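S.K.: Below, each chain spelled out in residue letters.
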Amino acid sequence: MKLTLKIWRQKDAKSKGGFETYTVEASTHMSFLEMLDVLNESLIREKKEPVAFEHDCREGICGACSLVINGQPHGPWAKTTTCQLHMRQYKDGDTIVVEPYRAVAFPVLKDLVVDRSSFERIIQAGGFISVNTGQPQDANSIPIDLDTASKAFDAASCIGCGACVAACPNSSAMLFTSAKVAHLNMLPQGKVEAQQRVLNMVKQMDLEGFGRCSNITACEAECPKGISIENIARMNREYWAASLGSEKIA
Amino acid sequence: MKLDGKVPPGPLPEKWTKYRSSMPLVSPSNKMRLEIIVVGSGLAGAAAAASLGELGYSVKCFTFHDSPRRAHSIAAQGGINAAKNYFNDGDSVGRLFYDTIKGGDYRSREANVYRLAEVSNNIIDQAVAQGVPFAREYGGMLENRSFGGVQVSRTFYAKGQTGQQLLLGAYQALSRQIAKGTVKMYNRHEMLDIVTIEGKTRGIITRNLVTGEIERHAAHAVLLCTGGYGNVFYLSTNAMNCNVSAAWRAVRRGALMANPCFTQIHPTCIPQSGDYQSKLTLMSESLRNDGRVWVPGKKEDAKAIQEGRKTALDIPEGDRDYFLERRYPAFGNLVPRDVASRAAKVACDEGLGVSPTGLAVFLDFSDAFERYGRSTANIKGIHNPDAATILQLGQKVIEDKYGNLFEMYEKITGENPYKLPMKIYPAVHYTMGGVWVDYNLETNIPGLFVLGEANFSDHGANRLGASALMQGLADGYFVIPYTIGNFLSKDIKTPKISTDAPEFVKTAEEVQARLNMLMNIKGNQSAESFHRRLGKLMWEYCGMGRTAEGLAKGRPLVRALREEFYRDLYVPGTMNEFNPELEKAYRVADFLELGELLMIDAQNRNESCGGHFREEFQNDKGDAVRNDEEYAYVAAWEWMDTSKDPILHKEELTFEYAELKTRSYE
Ligand SMILES: Cc1cc2nc3c(=O)[nH]c(=O)nc-3n(C[C@H](O)[C@H](O)[C@H](O)COP(=O)(O)OP(=O)(O)OC[C@H]3O[C@@H](n4cnc5c(N)ncnc54)[C@H](O)[C@@H]3O)c2cc1C
Ligand code: SF4
Ligand code: FES
Chain A
1 MKLTLKIWRQ
11 KDAKSKGGFE
21 TYTVEASTHM
31 SFLEMLDVLN
41 ESLIREKKEP
51 VAFEHDCREG
61 ICGACSLVIN
71 GQPHGPWAKT
81 TTCQLHMRQY
91 KDGDTIVVEP
101 YRAVAFPVLK
111 DLVVDRSSFE
121 RIIQAGGFIS
131 VNTGQPQDAN
141 SIPIDLDTAS
151 KAFDAASCIG
161 CGACVAACPN
171 SSAMLFTSAK
181 VAHLNMLPQG
191 KVEAQQRVLN
201 MVKQMDLEGF
211 GRCSNITACE
221 AECPKGISIE
231 NIARMNREYW
241 AASLGSEKIA
Chain B
251 MKLDGKVPPG
261 PLPEKWTKYR
271 SSMPLVSPSN
281 KMRLEIIVVG
291 SGLAGAAAAA
301 SLGELGYSVK
311 CFTFHDSPRR
321 AHSIAAQGGI
331 NAAKNYFNDG
341 DSVGRLFYDT
351 IKGGDYRSRE
361 ANVYRLAEVS
371 NNIIDQAVAQ
381 GVPFAREYGG
391 MLENRSFGGV
401 QVSRTFYAKG
411 QTGQQLLLGA
421 YQALSRQIAK
431 GTVKMYNRHE
441 MLDIVTIEGK
451 TRGIITRNLV
461 TGEIERHAAH
471 AVLLCTGGYG
481 NVFYLSTNAM
491 NCNVSAAWRA
501 VRRGALMANP
511 CFTQIHPTCI
521 PQSGDYQSKL
531 TLMSESLRND
541 GRVWVPGKKE
551 DAKAIQEGRK
561 TALDIPEGDR
571 DYFLERRYPA
581 FGNLVPRDVA
591 SRAAKVACDE
601 GLGVSPTGLA
611 VFLDFSDAFE
621 RYGRSTANIK
631 GIHNPDAATI
641 LQLGQKVIED
651 KYGNLFEMYE
661 KITGENPYKL
671 PMKIYPAVHY
681 TMGGVWVDYN
691 LETNIPGLFV
701 LGEANFSDHG
711 ANRLGASALM
721 QGLADGYFVI
731 PYTIGNFLSK
741 DIKTPKISTD
751 APEFVKTAEE
761 VQARLNMLMN
771 IKGNQSAESF
781 HRRLGKLMWE
791 YCGMGRTAEG
801 LAKGRPLVRA
811 LREEFYRDLY
821 VPGTMNEFNP
831 ELEKAYRVAD
841 FLELGELLMI
851 DAQNRNESCG
861 GHFREEFQND
871 KGDAVRNDEE
881 YAYVAAWEWM
891 DTSKDPILHK
901 EELTFEYAEL
911 KTRSYE
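For the record, the sequence lines run as chains A and B.
Under my numbering, the residue at position 47 of the first sequence is numbered 47, and the numbers go up by one with no gaps.
Quick note, my numbering runs 250 ahead of the 1-based positions in the second sequence.
A few of these clues could be false.
[As the list claims (entries may be wrong)] A short, non-exhaustive set of chain B residues, derived as facing chain A with CB atoms under 8 Å:
{"id": "1", "residue": "Ser-272"}
{"id": "2", "residue": "Ser-301"}
{"id": "3", "residue": "Glu-304"}
{"id": "4", "residue": "Ile-324"}
{"id": "5", "residue": "Ile-374"}
{"id": "6", "residue": "Val-378"}
{"id": "7", "residue": "Gly-390"}
{"id": "8", "residue": "Gln-411"}
{"id": "9", "residue": "Ser-425"}
{"id": "10", "residue": "Ala-429"}
{"id": "11", "residue": "Asn-437"}
{"id": "12", "residue": "Lys-661"}
{"id": "13", "residue": "Ser-776"}
{"id": "14", "residue": "Pro-822"}
{"id": "15", "residue": "Pro-830"}
Quick caveat, the hints were computed from the structure, so don't treat them as lab data.
Model, not experiment: these values are computed from the prediction.
Each residue gets a CB set at the ideal place from its N, CA and C atoms; glycine is no exception.
Just need the whole structure built from these sequences, with the hints factored in.
M.R.: Encoded structure:
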């Protein structure tokens, strides 16, 4: 099938970008990124600069791929990363618009590649349990009920892709931040630092320039891992409870 | 060169404990002054950097990714082994040791493997304390499952996302040290060379991938934790950016590449569907706990399936060949990977394959649906359940266990694996070979250490499932924090290393010159296209079945491709910007050299063992035949000048505890 692609091109963080139009011959068996590989191979053959985009595992787990495809982060398939999107979604003659994530806290580095290091700093602010190597007791010494374990797992399955931010009109990072807070604060091992964690991570999130949450829930709809907005509600509760005794803000 | 594995004396079970408590220590005040560079932040690198930071060393950690959380370790699915014996099924450190030595077809170093088994339990404790949400049972205790090549349940898992959860645990520990300032993290920085001063590795040269800047970084010691080289085959289950360059640059500076031909082909991957294909997707080995592997017993049935005239459901039970259960009754579907892969190849070579290309076998869950459905019905007190209820209940159990894998399969193939059996085929997955290291994980260049998949040490000729995560974390959390003291304790008087040293200036210039050269070829073909062609050669001549004749043909073809690369490569863009094509170019350049060495090593090893199957050396049942008399050694290759033949150094393997036996899973 023949497709028309309108792709955002931008030389670097400082330059202004714009859309360019390309045509590409694709097969229904390809993944979306393989279709872009084919485009890039043909650009290189014409001695033109290929389109830069991020990717690595191509299995939906590393969180490297991003892209906004026809207005949707990670494209049209629910609970699916861009690398897992397949071309059988499209038909001959379709036009596809491909853009980078747009958010103040995710500046564009080149073409479709953005800088997501703001997420790193949110984790560094408290997204961990303070235990040194070699300190722990036997793994089975603290039983954890199935429900808690499985909820913690669900929250922990966030891949740090940033689609939630791209989907949100306010560019809020609440879904990402709350998923980590929920994962750790729910577990007995994470309870000790629970209050400090939520306060510090929210503070860092605000410092990075992410917007406020106004309950639009686009984040949940576009999240490729189905992270639930219940985590946001939970984080809000914990945040307010922790702020009341707020001398703990570090 | 005499290779000294530096294995400590004493009885095997006591070696590590005794050695650890007699090792020279570095005092806290000295630790602060000592700098360590960690290249790579996957399981091995993140664990090492975090642990060394906690100890008080000044650590600098580098990754070419935009975050440590993207390392390829994130993709590991099935699980991690430990000898906890939580299930009271007879597991022990000794048994894990023995399974790993046997699984590796007796080509690994006993002392390393024993240590690995010993520290395996600490890893699980550590991970749980970090908040890794492993699977649990109703009572809240940790759950286990089985992996290939063993008869106990010792694999801990977090659905099909065990690597993700373990890496996030290590990443979070690392993030904590970054926040504390003990580790300085350099994301989007790629190491392009090591710097050696007076015989010791004292730093690295990196390229800032955003600006293109070439930078010099100094330290007292350097750790490479840079992963495996499976992508030399182009198509593999590895992430697209996995590459050998860090290890290979060290080899070009005098480190040794050990057993490069020991590569692992994983039996259960989604088969290739077209020429544009960029990677192959693994379906975790854990699926073989519940899935049964089969092909039609009759060629005409296979043909009908290949041509789309029949599906698996049309083949009656009696006409199916569950070939693993038939050939290996004791282990059945859970034979080790190399054995399962070859058996699938044999079936497909006989014309019994089940995809349009003829290169696929079925992995069928219908028995498991039935079995779990019945037992769930019992638990729920449903008497005389009908078939539909059983199926539904059974499918739910399977969904809870492997839901994400089933989803992934459907997204890629467009087929629903709850209705039709999966189609799978072997694909390149893991590399047992790697940089030669001694018991301290130190290479033959003092001050240069290699951890995780990048080293060769623990898996011999074949790795058992769920043992790579174990090894990476063992190396990073529990081995290197001790063994590095051996080297650094002698260095406490060495002042901060200066990046103005002439060795740094010279190496940086050489790196720059190499990049200039690649940019200036200005030919017509992309790095990617060379990589694809290399992969085809590797698969054809050095893949699942190797022959002396094929290897003799393959090697000059790889050399010719390399020459063409240096004549006709085209790298768009410039050096001083974000340029993924340039990154690919220097990585493919290194693969083109490694590929040749793989063939040389495979040709040298006149035996079949583990993942290295030389067709000349098999018994009448098609199983591998080792040659312990002549090849019970580690082949460590020196290759600083690729215009000459590499030089082979041997480390003889001695087995004091494990008896050298023919590996049998029948
Ligand atoms: C699909 C899949 C599933 C798997 N499932 C399992 C499983 O269930 N159980 C199991 O035990 N094992 C499994 N494995 C194997 C296991 O995941 C890997 O062997 C292991 O994670 C490797 O860890 P590592 O830390 O050595 O390397 P990696 O995780 O590959 O990390 C390498 C790091 O080095 C960095 N790096 C590399 N080169 C450079 C350079 N030149 N400069 C700067 N940085 C560099 C990278 O950025 C990265 O941070 C699986 C592998 C695959 C492919
Ligand atoms: S919450 Fe979802 S969308 Fe946001 S970073 Fe995590 S996985 Fe991506
Ligand atoms: S490339 Fe890893 S999630 Fe898409």
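S.K.: Mind listing which of the numbered hints don't hold for this structure, in increasing order?
M.R.: 1
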